[in-house]
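Can you build the whole structure from these sequences, using the hints too?
For the record, the sequence lines run as chains U and B.
Heads up: the first sequence at position 343 corresponds to 434 in our numbering, and the numbers run straight through without jumps.
Heads up: the second sequence at position 315 corresponds to 354 in our numbering, and the numbers run straight through without jumps.
Honestly, the hints are just simulated from the structure, not real lab data.
Backbone N, C-alpha and C fix where the C-beta goes; we use that ideal spot for every residue, glycine too.
Hints are not guaranteed to be accurate.
Keeping only pairs whose Cα atoms sit at most 20 Å apart, straight-line, the calculated SDA-like set for lysine to any residue is [to be verified]: (1) Lys78(B) / Glu106(B); (2) Lys446(B) / Lys484(B); (3) Lys335(B) / Gly105(B); (4) Lys446(B) / Gln224(U); (5) Lys377(U) / Arg454(B); (6) Lys63(B) / Asp120(U); (7) Lys248(B) / Leu312(B); (8) Lys78(B) / Ile158(B); (9) Lys350(B) / Asp368(B); (10) Lys63(B) / Glu234(B); (11) Lys446(B) / Pro415(U); (12) Lys265(B) / Ser64(B); (13) Lys484(B) / Val430(U); (14) Lys484(B) / Gly428(U); (15) Lys484(B) / Pro431(U); (16) Lys446(B) / Phe219(U); (17) Lys446(B) / Gly223(U); (18) Lys335(B) / Ile158(B); (19) Lys377(U) / His55(B); (20) Lys484(B) / Ala113(U); (21) Lys63(B) / Pro264(B); (22) Lys350(B) / Arg111(U); (23) Lys265(B) / Pro70(B); (24) Lys484(B) / Glu432(U); (25) Lys446(B) / Gly221(U); (26) Lys78(B) / Phe369(B); (27) Lys377(U) / His429(B); (28) Lys248(B) / Ala176(B); (29) Lys484(B) / Arg453(B); (30) Lys446(B) / Gly220(U); (31) Lys377(U) / Asn434(B); (32) Lys335(B) / Pro168(B); (33) Lys63(B) / Thr121(U); (34) Lys484(B) / Leu308(B); (35) Lys335(B) / Asp182(B); (36) Lys335(B) / Asn124(B).
Under 8 Å between C-beta atoms, here's a sample of chain B residues computed to sit facing chain U [to be verified]: (37) Leu381; (38) Met387; (39) Phe389; (40) Thr390.
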Amino acid sequence: MNGSQETANAITNDAAPALRVAPAPHVYDTRLTTRRMMLDVLLALAPVVGMSLYNFGWRAVLVMAVTTASCLVVEEAGALLQRRPSSLGDLSAAVTGLILGLSLPASCPWWVAMIAGVVAIGIGKLAFGGLGQNLFNPAMVGRAFAMISFSKFLGAPAYRIAEVGGIVSQATPLTLARDAAAEIPALWPMFLGTVNGSIGETSVLACLLGGLYLCARRTASWEIPSGVLGTLALLAGLTRLLVTDASIAAVPALRLSVLEHLTSGALVFGAFFIATDPVTNPISRKGMLVFGAGVGFFVWLLRSFSGYPEGVMFAVLLMNALAPLINRWTVPTPVGGPVPERR
Amino acid sequence: MAETAVIAGFQGTFPHGIHPDDRKSLAANTPIEVLPAPKTVLLPVLQHLGAPSNALTRPNQEVVIGEQVASAVGFISAGVHASVNGIARRPVHVTLPNGRRVPAIPITAGAEQHSAEQIHADFIGGEWPTVDMPAFAAQEIVDAVLGGGIVGLGGAAFPTHVKLTRQPNKTIDAVLVNGCECEPYLTSDYRLMIEAPRAIVAGGLLAAKAVDARFVVIAVEDNKPKAIAALREACAGTNVVVKALRTKYPMGGEKQTVRAVLGRTVPTLGLPLDVGVVVVNVGTAHAVARIVLRGKPLTHRVISVTGHGVKTPRNLIVPIGSSYRSLLDFCGGLRPEAARVLSGGPMMGFTVADHDTPVTKGTSGVTVLTRRDVSHSAETACLRCGRCAHVCPLNLVPTRIAMAARKGNWDVARRYHIQACMECGCCTYACPASIPLVQLIRVGKARLPQQGSGSGKQ
Ligand code: SF4
Ligand code: SF4
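Quick look at the structure:
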C-alpha cells in the first residue's frame, strides 16, 4: 500500500464513532473484485468439469486434483518465501491449476501433472513477480513445459490409451484430420463433446455455456473470444474456397471446414478460458480484438502446417509475448486529443 | 414545443462512464427547508477558484445579511457577503475539507434574524419572470453577478461573472444549464429544479443574454422525470429547451454534458468556451436570477444532508459559513454506524475531518457514509484487465498512469496523458483489484515535474 494514500486517520469526534479520512472516491463497485472474477471463472468451468467427469471419470478427477493441489502449494510456498501474505484467497492459483488440469489428457500420469503445476506457478507466475506481473499464461507455461519434456505422455499417442473412460478411445479429431485416409468425426458429437481430447476441451457446448456466462458477467471481455473464433472461421473459410485437391494431399489438415475447425480441439475452451486471462492480454478493447485475432491466426497456422495437431497453447503463448507490443500500438487517444504542448 | 425541439449534434450520452447505485431516494422527496441561522458563521475569503478576496470588515463591525464583507481581487475572484445579521470578528484561519488553509471572517449572529418563511419565500417563492423578462444589458448582468459574489455552485466554484463575460474572438452560441447531478446521494439540484424551476429558466435566459448565446438547453439525467416535467412547464413560452440525458456518472462533468447535448468535444485541458458553450449549474442559474432580478447576493445555498449515516436526511437552505456540525445536528446527528462525513458526494467529495469547518459556496451536499458503504477489499496486484480504461470517460489508461505515478516514472505518465485526467474517480470505482488509481494519479499530477520553463498546470 502506498503510505501517502489511504492513510486512514481515525478522527475522534464527540458526536459519534471513529470517523475516517480518505481521498475520493469513497465508494466502489463491490460486485467486482479480483476474488469475485476468479470465482466466476471457477463457476463457469463447472459445466466443463461436469463433461470431463462424464467422459473420463476418475482419471479426470485425479489429473485436475493433482494440478490444482500443486499450484496451490507452490503459490503458498512462494508467499512464505517472499514473506508476503498468503494469496490463496484471490483464487487465481486455483484457476490456473484447474485450467491446467483441464488442458491435459486424462491419461497423463499424476507426476507429470504435478510437475506441470509446479512449473505453471513457479516459473509461469512467481518467477515473473507474481499475480499481474507474468507475461505468459501460467497454465500454458506449465503445459508447454510438460509437453516438451514428456512428449510421450502429452503428444498425440497419449490420447489413444484404451482404458481411459467410457469414450471412444480413438485419436482426437485434429489428429485424424492430418491423416488423409482417416475420417473426421461428425460435427454433432464434436459439439456435444463425446469425442476424445484433453480433459476439458472436448465439449464445445459446455465451454460455450461457461464462456458466455463469463462474458455476460464481464469477467471475460467478449472481444477476445470473438477475435479468436472470428479470425479462425474467416481463415478456414478462405482456405476451403481456395484450396485444391493437390494441396490437401500435401497438407491434409487444410480440408477441415469452418465448423470442424470451430468444434474441434481446445479452440472454444482456449478462446473463452485461456486467451481471456486478463493479465496476459492487452488492456484496450482494440488491443483485445487484435490479440484475439492473432490467436485465431496462429491456431489456424499451427493446426494446418506445424508438427502438432493442435495449436491453441502455442498460439496463446505467442500472442502473450506480443501483448506488450500491442499495448504500445494501441495507446488510446484521449477524448479531446493529446495534451497540448506548452501547458 | 420545448420537448420536441431538435438540437444539432444531440447524442444524449457520452462514451464510457459508470453506473454507481444512486441512493438518491434517501432525500429526494424531502422538500427544501431553511436551516435557522446558527450562533456563528465563518466566511472564508477563498471559496472559489482564483484569487482570495479581500476582507473589508473591521473587528466588531456590525453587518447585515447580504452586506459585502470581502471584495474580489482581480478578475478571477469573487466577493463574500454576510449570511446572517450580526457582528464581524477578527479574521481567523480555517482549513477547508479540500485541504486549503485560508483566512475566514467569523460573524456572531445577532438576535434579529430573518424568519425561515422570509428566507424561503425570498429564495424559492414569488414570481420569476421568464417570458416577461425585463430587458437587461449584458454588462448589467455581469456586473450584478460580480457584485453578488456568484460562483459555480456545482462544486468547482469558478467565478460566474468570468464565464459570463464576452471574450474577444470567442463566440458563444449555447448556454447549457446543468441539472444532471450525477453524484450519488445528492439531491439539492433535484429539489431546486422541482421547487424553483422558473428561477432556473430565468437564470439560463439571463446567462444567455450576457454572452449573447442563441439558445439555452437545460440538461437533466433521465432518472429525474419530475424535475424534467417541472422544468418543461416552466419553459413554456421561452426558447429554453429541456433535454433528458442518459443516467450515468459523470454525466454532470462539463465536458460530458457538452458532448451529450451538443456532440461537441471540448479539447484536452480546454474549456467549454473553446467550443462555443457556457455551462452553468442549475444552482448557479438560480443564484444568477436571484441577484439580477431580486438583488440578493449569494448568502445561502441549497445543501442536501444525506447518506445512511445521518439520522434524517434533508435538503436545506443554508447560510454560507454554517458549520458542518450545525447541519448534521439539524438533521438529527450521526447514526452509530456513520464512518465518513463528506463535503460533496461519494465520487468526488472531500472528507470533513473537523465538523466545525464551514460549508462554502461550493458545498453541494454533505454525505454521511456508513462503515458498510466504505468497506473495501484489500488491494491486490493489477490484473491488467483494462476495466479502468474501459470506464474512463476521457479514454485514458488509468492503470498505466497510476503505476507510473507510483514509481515516479514521469515520462510514461506523460506518454499516457496524465495531465488530461479530470479526477472523476471512475477508474478507482471500477477496479477489481482495489487499486487507488485516481488517488495515485492526483498525487502524480501534483508532483509532475514541469516540462521546460513556465509550463505545467498548477
Ligand atoms: S481496473 Fe484495476 S486491475 Fe484492471 S487494469 Fe485497471 S488497475 Fe489493473
Ligand atoms: S479519474 Fe482520470 S483516469 Fe480515472 S477515469 Fe476519471 S479521468 Fe479517467
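Going through the hints against the structure:
1. Lys78(B) / Glu106(B): holds, 18 Å
2. Lys446(B) / Lys484(B): With a Cα-Cα distance of about 13 Å, the restraint between Lys446(B) and Lys484(B) holds, given a limit of 20 Å.
3. Lys335(B) / Gly105(B): Status holds; Cα separation ~7 Å.
4. Lys446(B) / Gln224(U): holds, 15 Å
5. Lys377(U) / Arg454(B): The hint holds at about 18 Å.
6. Lys63(B) / Asp120(U): Roughly 17 Å between the alpha carbons, so the hint for Lys63(B) and Asp120(U) holds.
7. Lys248(B) / Leu312(B): Holds. Lys248(B) to Leu312(B) sits at ~16 Å (cutoff 20 Å).
8. Lys78(B) / Ile158(B): holds, 17 Å
9. Lys350(B) / Asp368(B): Holds, at roughly 9 Å.
10. Lys63(B) / Glu234(B): holds, 17 Å
11. Lys446(B) / Pro415(U): OK: Lys446(B) and Pro415(U) at ~19 Å, within 20 Å.
12. Lys265(B) / Ser64(B): holds, 13 Å
13. Lys484(B) / Val430(U): With a Cα-Cα distance of about 13 Å, the restraint between Lys484(B) and Val430(U) holds, given a limit of 20 Å.
14. Lys484(B) / Gly428(U): holds, 18 Å
15. Lys484(B) / Pro431(U): holds, 15 Å
16. Lys446(B) / Phe219(U): Answer holds: Lys446(B) to Phe219(U) is near 18 Å, not above 20 Å.
17. Lys446(B) / Gly223(U): This hinted pair holds, its Cα atoms lying about 16 Å apart.
18. Lys335(B) / Ile158(B): holds, 11 Å
19. Lys377(U) / His55(B): Roughly 14 Å separates the two Cα atoms, so the pair holds.
20. Lys484(B) / Ala113(U): holds, 18 Å
21. Lys63(B) / Pro264(B): holds, 13 Å
22. Lys350(B) / Arg111(U): holds, 19 Å
23. Lys265(B) / Pro70(B): Measuring from Cα to Cα gives roughly 13 Å; hence the hint holds.
24. Lys484(B) / Glu432(U): Given pair Lys484(B), Glu432(U) holds - Cα atoms ~16 Å apart, limit 20 Å.
25. Lys446(B) / Gly221(U): holds, 18 Å
26. Lys78(B) / Phe369(B): OK: Lys78(B) and Phe369(B) at ~13 Å, within 20 Å.
27. Lys377(U) / His429(B): Holds - the C-alpha atoms of His429(B) and Lys377(U) are around 11 Å apart, at most 20 Å.
28. Lys248(B) / Ala176(B): holds, 8 Å
29. Lys484(B) / Arg453(B): holds, 10 Å
30. Lys446(B) / Gly220(U): Cα-Cα ~16 Å, so holds.
31. Lys377(U) / Asn434(B): holds, 12 Å
32. Lys335(B) / Pro168(B): Distance of about 16 Å is within 20 Å: holds.
33. Lys63(B) / Thr121(U): holds, 19 Å
34. Lys484(B) / Leu308(B): holds, 13 Å
35. Lys335(B) / Asp182(B): Roughly 13 Å separates the two Cα atoms, so the pair holds.
36. Lys335(B) / Asn124(B): holds, 14 Å
37. Leu381: Given a least distance of 6 Å, the restraint on Leu381(B) holds.
38. Met387: Holds: closest Cβ of chain U sits about 5 Å from Met387(B), inside 8 Å.
39. Phe389: holds, 7 Å
40. Thr390: holds, 4 Å
Consistency note: the structure conflicts with none of the earlier hints.
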